[in-house]
Amino acid sequence: MADKRTVEVSLSTSGLDAQGRPQRTPLVVDDGGRVTTLEAPPAMEPELEGEHMLINIGPQHPATHGVLRLVLELDGETVVRCIPHVGYLHCGFEKIGEYRQYNQIIPWTDREDYLNSPGNNVAFALGAERLFGVEITPRCTVLRVITCELSRIMSHLVWLGTTCIDIGAFTPFLWSFQERERIYTLLEQWCGARLTTSLTRVGGMLADIPDGWMDGLNDFIRTFPKTIAEVDRMVTRNGIWVGRTIGIGAMSGPDAVNAGLSGPMVRASGVAYDVRKDFPYLDYETYDFDVPIGTSGDVYDRFLVRMEEMRQSVRILEQASARLPDGPVNIDDPRLILPPKSKATSEMESMIHHFKQVMEGPRPPIGECYVAVESPKGEKGYYFVSDGTPKPVRWRIRPPSYVNLSAIPRMVEGHLLSDVIAINASIDIVMGEIDR
Amino acid sequence: MTAPLVVPGSADPATTPATLRAIPHRGGPLNPSAERIKTRFPDAFVRAEVIWGETNVYLRPDAVRDVVQYLHDDDAERYDYLSDVTAVEYRDLELPLQVVWHLRSLPYRRFLRIKAELPKGTPLKVPSVMPIYSGADWLERECYDMFGIVFEGHSDLRRILMWEQYAEGYPLRKDFPLRGRFSRSEQLRQALAAQPESRYSMTELTIADAFEDLPLEMRQRLAGGEKTGE
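Protein chains in written order, with this note's numbering: chain A, 14 to 449; chain B, 63 to 292.
No lab work stands behind these hints, which were simulated from the structure alone.
Source: prediction; values computed, not measured.
Glycine residues also receive a C-beta, built at the ideal position from the N, C-alpha and C atoms.
Treat the hints with caution; some may be incorrect.
Not close to chain B: a few residues of chain A, all C-beta gaps over 12 Å, as computed [stated by the list, open to error]:
hint: 1; residue: L102
hint: 2; residue: L219
hint: 3; residue: S355
hint: 4; residue: P378
Calculated lysine-lysine pairs in the DSS-like style (CA-CA distance at most 30 Å, straight line) [unchecked claim]:
hint: 5; chain 1: B; residue 1: K187; chain 2: B; residue 2: K236
hint: 6; chain 1: A; residue 1: K404; chain 2: B; residue 2: K100
hint: 7; chain 1: A; residue 1: K404; chain 2: A; residue 2: K108
hint: 8; chain 1: A; residue 1: K354; chain 2: A; residue 2: K404
hint: 9; chain 1: B; residue 1: K100; chain 2: A; residue 2: K108
hint: 10; chain 1: A; residue 1: K108; chain 2: B; residue 2: K187
hint: 11; chain 1: B; residue 1: K236; chain 2: A; residue 2: K369
hint: 12; chain 1: B; residue 1: K100; chain 2: B; residue 2: K187
hint: 13; chain 1: A; residue 1: K369; chain 2: A; residue 2: K404
hint: 14; chain 1: A; residue 1: K369; chain 2: A; residue 2: K354
hint: 15; chain 1: B; residue 1: K236; chain 2: A; residue 2: K108
hint: 16; chain 1: B; residue 1: K182; chain 2: B; residue 2: K236
hint: 17; chain 1: A; residue 1: K290; chain 2: A; residue 2: K239
hint: 18; chain 1: A; residue 1: K404; chain 2: B; residue 2: K187
hint: 19; chain 1: A; residue 1: K404; chain 2: A; residue 2: K356
hint: 20; chain 1: A; residue 1: K108; chain 2: B; residue 2: K182
One side of the interface only, derived from the structure: several residues of chain B facing chain A at Cβ under 7 Å [claimed, not checked]:
hint: 21; residue: P79
hint: 22; residue: H87
hint: 23; residue: D142
hint: 24; residue: L144
hint: 25; residue: T148
hint: 26; residue: V150
hint: 27; residue: Y152
hint: 28; residue: L168
hint: 29; residue: Y170
hint: 30; residue: R171
hint: 31; residue: Y195
hint: 32; residue: D199
Take these sequences, add in the hints, and give me the full structure.
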């Protein structure tokens, strides 16, 4: 399927005028649900001089998706200026990482982008493995692909539900959270935790999948597209939804690239930048999937892109499920992988390895690496610097939501106050990741 | 249906790169941009190395802006995407502090790491790349907030994750203790006194004559340089 589903939906207006500024196009929705734009804008209201108003949204406000504070300057109901404040959740993950061994940092990665914990675990493990210079097993590679795509669907479902609530549709929230619960059940069967999974280890996984787990996954793959289709039917051509999202918060492609946006944000603006395709990892180049892109980069296109990404994730899951090879999950390297408990208590060498790993931790060679993966929010990168000791000198998280959110003043200025909520929802921020 | 935007970032979809395998620790192919930087900016270029398949180019700090401008504009380079700006301080306090820029060329699918070394005892100043990449705004602010590195030319360089009155220093520096500099009781007292919702910066108070609406006595205190909300 070469043509993108985004293009098939012919509702999208340009969203931008000749100067590249966001355009507010009046929309008309007829009885059949078709959306047309008026030829010329209606006569504007007479110019009324008035005082500008200072208004504060957050940090404790349900529509800011966390503890984000926006200070807005309003002219009537139009946003003139937006000053975002972040940092309320800052707890110094990067500093703490400098005092932890590599495997001890993995639980911290659960807690930054907490809607995508398994994906963060995989990203961290990939970075640490590059730093240690080890190659994971084929079975582990496929299991990690399954993990990444499940967590992408999980994160997009939360985004879908909360955004629908923000824009005034309640039902998709219930549907998407039901589906998300099924993924959490699968994860719970695998690792015992729902949210804070800590699913990977440097050189492998916490554990192999339990018996019968693939049946549960295949069941999910089979039935999940039906829910997507239901949400699609309910929302995509809904007059209220279309009217509140088309032409709102548009970013042109060159602007989005310059602002460092990534993930669905930059793809909605027409830039086909996907780390899985452009800088592949985990053999993503061998999977057959499409990268949906939008045309105008407005809230509506971001919605379409994320919906299509969930369908593409299901395609990847189908292929990964079909090709999952047998074999060991962990690499065969006693420096990195703990011996089984029975051996650690009965064999001398295993006990030494266990002791050295737990008490000192494995030592990577001196060096540094930056490994990026395509998280649901965008390019999530981990930058490690090692001086040869068991703890990193520097562990840096490149948070996609942080960079995406930094463009919010440009997106909201000129729009109405109610559009600020829609735009903020469309960025898909997780404050745990922004403040770290 | 509108015509598709002409987007500078998109790479050629016909060529598919592959997952990297068996990457050597040191050595391996050098990013061709490193050679071109060396010939074009011989004074700015310090050295280049390849670690785990990624090219590091060390530059003189004051020349970073010119080199990045060239990397962004030149047709053979087209580094149009700034992934990250950060800094590294080593545990060996003799070693210089490093500022790191991670650049991506989306059309050529290249990755380049630029580094500038700031020896201890010198002022921590590097030029800002915010005029080239608007996405550098918050990344540089965070680097300033966490390391105290001043990005010259940044239009709005102030703390971002810590609050503006934060007085304990720069948290990610190695001489900063993990628990912070102040005692727990002092940290708690300051946190309770912060009241974020009732505090606005002076910039924000210029909006909508909000400053004029404040009581005279408070206006005088603020005009005297006192911070808001304390």
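Outcome of the hint check:
Chain B draws A:L102 into its interface by the beta-carbon criterion, the shortest separation being 9 Å against a cut-off of 12 Å. No beta-carbon of chain B is positioned within 12 Å of the beta-carbon of A:L219; the least distance is around 23 Å. For A:S355, the requirement that its beta carbon stay farther than 12 Å from each beta carbon of chain B is met, with the minimum near 33 Å. Its beta-carbon lying about 6 Å from the closest one in chain B, A:P378 breaks the requirement of being farther than 12 Å from that chain.
Distance restraint check for B:K187 and B:K236: the Cα-Cα separation of roughly 18 Å lies within the 30 Å cut-off, and the hinted pair is therefore satisfied. A distance of roughly 34 Å separates the Cα atoms of A:K404 and B:K100; the hinted pair therefore is violated under the 30 Å criterion. Using a Cα cut-off of 30 Å, the hinted pair A:K404 and A:K108 holds, with the two alpha carbons roughly 11 Å apart. Straight-line distance between C-alpha atoms of A:K354 and A:K404 comes to about 25 Å, which keeps the hinted pair within the 30 Å bound.
The suggested pairing of B:K100 with A:K108 is violated, with an alpha-carbon distance near 35 Å, which exceeds 30 Å. As the CA atoms of A:K108 and B:K187 are separated by approximately 22 Å, the hinted pair is consistent with the 30 Å bound. A threshold of 30 Å between alpha carbons decides the hint, and for B:K236 with A:K369 the separation of about 27 Å falls inside it, so the pair holds. Annotation: proposed proximity of B:K100 to B:K187 holds, straight-line Cα distance about 23 Å (limit 30 Å).
As the CA atoms of A:K369 and A:K404 are separated by approximately 14 Å, the hinted pair is consistent with the 30 Å bound. Restraint check for A:K369 and A:K354: the C-alpha separation of about 14 Å stays at or below 30 Å, so the hint holds. A distance of roughly 9 Å separates the Cα atoms of B:K236 and A:K108; the hinted pair therefore holds under the 30 Å criterion. Taken as a hint, the B:K182 and B:K236 pair is honoured in the structure, with Cα atoms around 12 Å apart against an allowance of 30 Å.
Restraint check for A:K290 and A:K239: satisfied, since their Cα atoms lie roughly 27 Å apart, inside the 30 Å limit. Under the criterion of a C-alpha separation no larger than 30 Å, the hint pairing A:K404 with B:K187 is consistent with the structure, at around 28 Å. Straight-line distance between C-alpha atoms of A:K404 and A:K356 comes to about 27 Å, which keeps the hinted pair within the 30 Å bound. Between A:K108 and B:K182 the alpha-carbon distance is near 20 Å, which keeps this suggested pair within the 30 Å criterion.
The beta carbon of B:P79 is positioned within 7 Å of a beta carbon in chain A (closest approach about 6 Å), and the interface hint is therefore held. A hinted interface residue such as B:H87 counts as satisfied when its beta carbon comes closer than 7 Å to some beta carbon of chain A; here the least separation is about 6 Å, so the hint holds. For B:D142, the suggested interface contact is upheld, since its CB lies about 5 Å from the closest CB of chain A, less than 7 Å. This hint holds: B:L144 has a C-beta 5 Å from the nearest C-beta of chain A, less than the 7 Å allowed.
A distance limit of 7 Å between C-beta atoms decides the matter here; for B:T148 the minimum to chain A is near 5 Å, and the interface restraint holds. This hint holds: B:V150 has a C-beta 5 Å from the nearest C-beta of chain A, less than the 7 Å allowed. Given the 7 Å rule on beta carbons, the hint for B:Y152 holds: about 6 Å separates it from the nearest Cβ of chain A. Interface hint status for B:L168: upheld, as the beta-carbon distance to the closest one in chain A is roughly 6 Å, under 7 Å.
Violation of the interface hint for B:Y170 is found here, the shortest Cβ-Cβ separation to chain A being roughly 10 Å, above the 7 Å cut-off. Proximity of B:R171 to chain A holds as hinted, the smallest CB-CB distance being about 5 Å (cut-off 7 Å). The interface hint given for B:Y195 is met, as the beta carbon of that residue sits about 6 Å from the closest beta carbon of chain A, less than 7 Å. The beta carbon of B:D199 comes within 6 Å of a beta carbon in chain A, closer than 7 Å, and the hint placing it at the interface holds.
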